[in-house]
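Engineer: The lines below spell out each chain.
Protein chains: 2
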Amino acid sequence: MQFIKIGIFGLGVVGASVVSIIRKNQDLIQSRLGAGLEVTRAVVANPGKPRDISLEGITLSTDPATILDDPEIDIVVELIGGVDLAGEIVLQALERDKPVVTANKALLAERAREIFTKVYEKDLPLGLEASVAGGIPVLRSLKEGLSADRIIEISGIVNGTCNYILSKMTAEGASFDDVLAEAQSLGYAEADPAFDVEGFDAAHKLAILVNLAYGTMVNFKDIHVEGITAITPMDIEYAGLLGFTVKLLAIGKIHGEVVEARVHPALVANDHLLASVNGVFNAVFLTGDNADATMSYGRGAGGLPTGSAVVSDIIDIARNLRAGIRNKIPALSVIQERLRDLEIMKMDRIRSEYYLRFQVFDRVGVLAQITRVMGDNNISIQSMIQPALSDHPDDPVQVILITHRAREADVQKSLAEIAHFDFIAGETQLIRIERFTG
Amino acid sequence: MQFIKIGIFGLGVVGASVVSIIRKNQDLIQSRLGAGLEVTRAVVANPGKPRDISLEGITLSTDPATILDDPEIDIVVELIGGVDLAGEIVLQALERDKPVVTANKALLAERAREIFTKVYEKDLPLGLEASVAGGIPVLRSLKEGLSADRIIEISGIVNGTCNYILSKMTAEGASFDDVLAEAQSLGYAEADPAFDVEGFDAAHKLAILVNLAYGTMVNFKDIHVEGITAITPMDIEYAGLLGFTVKLLAIGKIHGEVVEARVHPALVANDHLLASVNGVFNAVFLTGDNADATMSYGRGAGGLPTGSAVVSDIIDIARNLRAGIRNKIPALSVIQERLRDLEIMKMDRIRSEYYLRFQVFDRVGVLAQITRVMGDNNISIQSMIQPALSDHPDDPVQVILITHRAREADVQKSLAEIAHFDFIAGETQLIRIERFTG
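Protein sequences, first through last, are from chains X and C. Using the working numbering, the letters of the first sequence correspond one by one to residues 1 to 438. Using the working numbering, the letters of the second sequence correspond one by one to residues 1 to 438.
What the hints contain is simulated information worked out from the structure, not anything from laboratory work. Worth double-checking, as some hints may not be accurate.
Identical copies look the same in the list; a pair holds intra-copy or inter-copy alike.
What the hints assert, rightly or not - Restricting the straight-line Cα-Cα distance to at most 27 Å, the calculated cross-link-like pairs of lysine-lysine (DSSO-like) are: (1) 5 with 328; (2) 413 with 118; (3) 122 with 328; (4) 328 with 413; (5) 49 with 168; (6) 328 with 118; (7) 118 with 5.
Keep in mind that this is a model prediction, so the values were computed, not measured.
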């Protein structure tokens, strides 16, 4: 029996799961691959640290060269995270003609051009399934399952922490801060949750989805990113009254040579399947011009689901090795000569419907003045609710307007103008309403 | 530019869509494949028939040999349906070393052994993505995305006609017959709907899913198949009162060397995502030992979605041809030596919770007698509702029992015994309740 030899950088939660899966399902993997898999080397920061898995058969080192320069290593797995050292490891492995599997979304999003240029230059596979939506094989769907389709739209719930928090806030009417504290105690949110709740993790994943869908390498910094920290139980309640659920969405679309790529909270109609995706689960809608709407759903994080994706990539690459080929499918779905430079659309150019919650002192003519400004800016109103009047005429009340489809620039201009009225009692809340093609 | 040449058997709805997609997305496909695709020959029953697509560049014939014996044809696409002629075409194409793509679920389910034995013997790819759940790349998820996982459970809504009918019955309280008539007028159901509504189409798809999940070729005839014709608006209403939705499910599980493979209506808890899959849409849950629950959702039928799956298979095979290999991934997920003979579990051995609706004359002691029989057969009751009493003491009333997990044999024995009581006013309705691992 041939054994494909693997060197892993990083034996944290995912790395340890990869080792466990390969051991536990060795016989199954052999039945599918016709060869065995064997982790022979690992490089870690702290070799003395106690670990949950047995290290039998694995040579541990702190020196990357022990993996990179070992001619016996067939596949390199990068699971240390971060963009600097991880980037060097991936580039050097490729330089030495070793195929790479990585779960590193930050690296793939922020250093896309360097990494993928090297991948194309070497014509090697780069396993990246684990980088987006953990155990859900959604990147494979994009590169293979929908290879006959022009991708019209990507809409994903790709951050489990945010989805857990929003789901709990929705189910219990609880505040963001309370649910975040609970999520932290359950291990669903990091001690420093900013990276998740501010939307950056979702933006990394969106960059990868957009790059694969459109055969490009967008500038990550141009992605518009808003998190969920400003979402209140009140907004969730009013959205519910109007038939919507609040979700943090990663949205990708294409218009000629310009792509929309944005992460922000959005109102999703309750009868759309994304509204039913709750808790830590992830789901990605991919809409193709032939297949129409498809959705992939599952666990977006956790050692075993992410490890499953890593090992499936290892098996895929091992099948290449067994077949005697370097690579079968281009890393970004298209061949190198057909990669495109696509700009990300400036946010003020996008069009959407909007949920706007004004906090106003309840005086005569307030609504007329707000709607006049909006009308002057080409925004028409779909519906209005004023959920509860205060007993005290001096307390502010909430006025919620749902707009028809409008330009973001016009909406922002309206809000800036309306902010000057002296009946405005606080910051206006803006949440975009996402409608779907499929 | 190299052009991969394709011969298509059948230019019906799907065949015409394949031709259209290849033409419409030719440039896109070239960017992904590095080569073009070209349908050069088609074999049809009636070459003179008017068609919606231009036949320019396609040589039409009624003679299979024009494709099978043409050395220029790189890939054979079988879209004529049926198991006899289609089977011969697929076998002969393989015999001539031509890779095949087919959407033919009946053929793959009913003649699995012949077809897959030939596929393995020739070590050729067999594209079959379109055979299950049309535009949803779920078979690819099974063969590639979850290749590191032991598949614990398959649960799918894989027949759009049944799901449309059940969704409509649920939304509108309408009868099966009325909704079926409407579905027929909208083209969602065939003039002869038996094949769909009796569950056979779903059973074909289940056979394929089970074979791919477990690396086997089950005997299709052993799959337990029940359709939806006996589901009444009353059952849907009572299920709703109890927190469930009625769905036609295709269920596959494994217990050692025995698989469960069954198609029947089932009660799904409303908070499970499958309960939110409505209309003609399909969805397949695949639960792996590492990835946990994953779901693929989308359009399970229609020319373009199915055509999209066919063309994605063509591209996949063309990528093999471009890479200079015959095949990369074993047809049934495992290498030939590791195929297993797995028996399908006899239905009386399965275990489930049950929804039982008894029609009884409302006399003293009825419930005591029913529950005594069930208790004697090791069945314990989870809950009971008796939704409405009649004004006329002689009219039958409905008593609904939800059982705890019980053996099918015990439940059937109880029902046979209970049928003899003289307070029983009609046939007892049995619907299994499906709980999910993931």
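Engineer: If a hint holds in the structure, say so; if it doesn't, say that too.
Structural biologist: To see whether the hints hold, each was checked on the structure:
{"no.": "1", "hint": "5 with 328", "result": "both (20 Å within a copy, 19 Å between copies)"}
{"no.": "2", "hint": "413 with 118", "result": "neither (44 Å within a copy, 67 Å between copies)"}
{"no.": "3", "hint": "122 with 328", "result": "both (13 Å within a copy, 21 Å between copies)"}
{"no.": "4", "hint": "328 with 413", "result": "neither (50 Å within a copy, 56 Å between copies)"}
{"no.": "5", "hint": "49 with 168", "result": "neither (36 Å within a copy, 59 Å between copies)"}
{"no.": "6", "hint": "328 with 118", "result": "both (16 Å within a copy, 24 Å between copies)"}
{"no.": "7", "hint": "118 with 5", "result": "within (22 Å within a copy, 32 Å between copies)"}
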